[in-house]
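Asks: Below, each chain spelled out in residue letters.
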Amino acid sequence: MFRNHLTGLLCVALLPFVFSVAAQADDTSIVRQESAAEPGRIFLQQVSFDSAMVKWRDGPDTIWFGKKPGALTQNVTASVDAQHKIAKLQGLSADTNYYYAFQKAAPEKAVMMFRTAPMPGAVPEDGNTHIWLLGDSGTETENFAGRYSHKGEAIDVMNGFLKYNASQAASEPLDLLLLLGDNAYLEGTDEQWQGAFFDIYTDIIQGVATWPTIGNHEMGVGLPFDICPFVKIPTCEAGPVMMNVGGISESSDPDSYDSDGDGPDASGFPYLNIFSLPSKGEMGGVPSGTEQYYSFNYANVHVVSLDSQLTNRDEALRATMRDWLVDDLSANTADWTIVIFHHPPYTKGENHDSDREQAEIDMRVTFAPVFENYGVDVIYSGHSHSYERSWYLRGHYGMSDSFDATRNALLDVDGNPALGQGSEPYEQGGAQNRAVYTVAGNAGKADEKKPCPEGQVMGCTLPNWLQHPAHRTFSETAPGYESNGIARKGSIVLDASKSTLTSRFVDEHGEVLDYFTIKRN
Amino acid sequence: MQAHAGDHRTLAELDAIIKKSPAEAALLVARGALYSRSGQWDKAERDLRLAETLSSKEDVAFELGQLYYRRGDHQKALEYIDTYIGAYPNYPPAFLLRARAAGEAKQFDLAHESYDTYFSLSPDPQPGEYLAAVRLLASTKPAGINSALVLLDMAISKLGLNPQLQRYAMQLELRRDNTKGALDRWYSLEDQLGETPEWGITLARLLILADSVDEAGLVVETVKGRLVRLRQTPARKAAGETIARLERQLDEVRTSH
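In the order they appear, the protein sequences are chains W and G.
Just add 1 to the spot in the first sequence (first one is 1) and you have our numbering.
Just add 582 to the spot in the second sequence (first one is 1) and you have our numbering.
Honestly, I wouldn't trust all of these hints.
Here are the simulated lysine-lysine pairs, DSSO-like style, with alpha carbons at most 27 Å apart [stated by the list, open to error]:
1. Lys601/G with Lys625/G
2. Lys110/W with Lys89/W
3. Lys639/G with Lys688/G
4. Lys625/G with Lys639/G
5. Lys68/W with Lys110/W
6. Lys281/W with Lys740/G
7. Lys105/W with Lys164/W
8. Lys819/G with Lys499/W
9. Lys89/W with Lys819/G
10. Lys658/G with Lys639/G
11. Lys762/G with Lys819/G
12. Lys625/G with Lys602/G
13. Lys281/W with Lys688/G
14. Lys68/W with Lys89/W
15. Lys105/W with Lys152/W
16. Lys499/W with Lys520/W
17. Lys499/W with Lys806/G
18. Lys520/W with Lys819/G
Just so you have them, the derived chain W footprint on chain G, three or more residues with Cβ under 8 Å [what the hints assert, rightly or not]:
19. 699-711
20. 825-839
Hints were generated in silico from the structure; no laboratory data involved.
Since this is a predicted model, take the numbers as computed values, not measurements.
We put the CB at the ideal spot given by N, CA and C, even for glycine.
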């Protein structure tokens, strides 16, 4: 670990540049500081069939709740941990609306609402577990040298989802919000989580529990890195500009979290400070003993969140996570099994290639066989800022050039890889279990085609961009469509009824650009 | 290990900058760390050693410790990690690295002491880190298995009961010929794993060891019945085959009795 004053020496050469970033960070924290009197950052965690956790900052210590908005008759006093107030609401009824506020007789607009989960194994009253997945949505705070390049784009994606939900899903309320990592650029600081997540999805996360996974941009900065391929600033004219930028940490230890390159932060790893995740099996699932990876049951789905950023980088820890996953999936009896983690096992994204990056290779080689052998249905990742969705896969653990559709993909009656659409949905499981892998790191920005000059491999698109053969093909010629993926912004909407699971890619305009369905036997 | 896709480019750019500013320690450390990560030991050592002369020894010590650990020179790794810990005595990853290097160097007391410090400093140690520590304890100290079980129980009390820790504890109980202790530990996982075929299969095996053959037979019957009701997966199909083998084993045990 290279620390403190040596980094200072490096920064001397970059003083004007560094100071402009620091000034921006200070401004942001001042603007977002909350009044001590008003509760802020209100969000739900661990909503089960009989309990729920509400977290917030500032304001009152007591929360009032009840089954009617005008009768908040019960109250809980919060505990405090890592600068968050935490109230655990217990003794709740399953599949029931609850209202909560910070005053017993709160005005109507100050009353928030959530719905408890159905009893384990049952489907929600509306017949469907309705899930929204957001990958790499944290671009609201993404800036180099104070220049924000993706302002408003995450909001566009959210609005696209809301439009879709209002028009196509009859405004069905969400049951789960799953984050695929990189939800607070660039370093995953507490301030960035505020600006990129809590300030954007404010209303949604007060009504549905958030379930995250760790992305590279959650883990602070790495070694100095040239930022010029990614942002054109005048200083770049003189040559590479080396900065401790977020997203390239190679550490496997959350204790090493470093937000700015001057050594580990005393306040710890913001991700673990912000979220309260079930390491002890509190929500069903087998206890993992760590919040870095965990699982839970909700209604008829079992969700597993793996840690492809930290745990995955250490061989011994990765093996323990794998063993836990085997136990967890062995004990799972839910209708549907969903796995999320950040680094995609199959991708040909702009800066991320699953043939080259070790994290992706390790996730594929170590975990893909477990997914298939233990009955996982769908796997979602982010990292690449585009949409790629696989065929119905089995047995492909090598590099992309070893993919063989006849062996690794489910084929239709014509001998082509099956799409899982229309009247030919995929069929779940069996002794030859298959899974669909989706990459959707485009909920805050989408990469664009910009061919790499000779010798350049980062910050541009290589000739094989979005051409991983394990992913489904597209014949459309509209902007953003490539042979095996779509470079447009959007998010995933997943619906799991008793008999079918449908995954949709919804763009920022609310249009469904791809979907697949799996049917239970 | 394959280098990060960006490493190649960063190395090329670092080369260019270092050419212009050859005495910039920070750049040398950055390049040395990249070389170290990608297994280019000599180049890494050259950069880090040069950085050491241009800056303070302590600030380069962790990277040098990592380099020598990766290279298999554990004694040298320990020297540098100690230097680093002398300057930064509260940084948990340094104690984890020292524990691993000391274990490899067969300095087991130092390894155990370093693990203890790591567990006391780190706010979120993982089950896998405890397992590494107890595996070392169980394999090295004369009373290692007992000490390992004490540490496992401490870990379980801190992190909560989980199969990874308790399964290893069960195996250690068997190693010290405490079949009842092994059974007790395995039964403690019933709420978490009781529905899995693997839990029943292991339980049946433990019961056979404990000479409770009839009970083992009942367990096998229960697992068989449960397996039929579960969604079929390749793993459950394999479990069915294991159960068939276990039934044959039970028949043999009954016959020999």
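Asks: Hey, Lys105/W versus Lys152/W, does the alpha-carbon distance stay inside 27 Å?
Replies: violated (38 Å)
Asks: Does the structure keep Lys89/W and Lys819/G at a Cα separation of 27 Å or less?
Replies: Violated, because 41 Å separates the two Cα atoms, which is more than 27 Å.
Asks: Starting from Lys68/W, check that the Cα of Lys110/W is at most 27 Å away, please.
Replies: holds (16 Å)
Asks: Tell me if the straight-line CA distance from Lys499/W to Lys520/W falls inside 27 Å.
Replies: Holds, because 9 Å separates the two Cα atoms, which is no more than 27 Å.
Asks: Could you grab the alpha-carbon distance between Lys281/W and Lys740/G and see if it respects the 27 Å cut-off?
Replies: Judged against 27 Å, a Cα distance of about 11 Å means the pair holds.
Asks: Under the criterion that the straight-line Cα-Cα distance not exceed 27 Å, is the pair Lys625/G, Lys602/G satisfied?
Replies: Cα-Cα ~18 Å, so holds.
Asks: Can you confirm whether the C-alpha distance between Lys110/W and Lys89/W stays at or below 27 Å?
Replies: Satisfied, since the Cα-Cα distance of roughly 23 Å is no more than 27 Å.
Asks: Count residues of the region 699-711 of chain G with a Cβ under 8 Å from any Cβ of chain W, then say if the count reaches three.
Replies: holds (count 8)
Asks: Against the 27 Å threshold, does the CA-CA distance of Lys819/G and Lys499/W hold or violate the hint?
Replies: holds (24 Å)
Asks: Lys499/W and Lys806/G: Cα distance at most 27 Å?
Replies: holds (26 Å)
Asks: Are Lys281/W and Lys688/G close enough, with their CA atoms no more than 27 Å apart?
Replies: violated (34 Å)
Asks: Mind checking, does the region 825-839 of chain G have 3 or more residues with a CB under 8 Å from chain W?
Replies: violated (count 0)
When the structure is compared with the earlier hints, violations turn up for hints 7, 9, 11, 13, 15, 20 and for no others.
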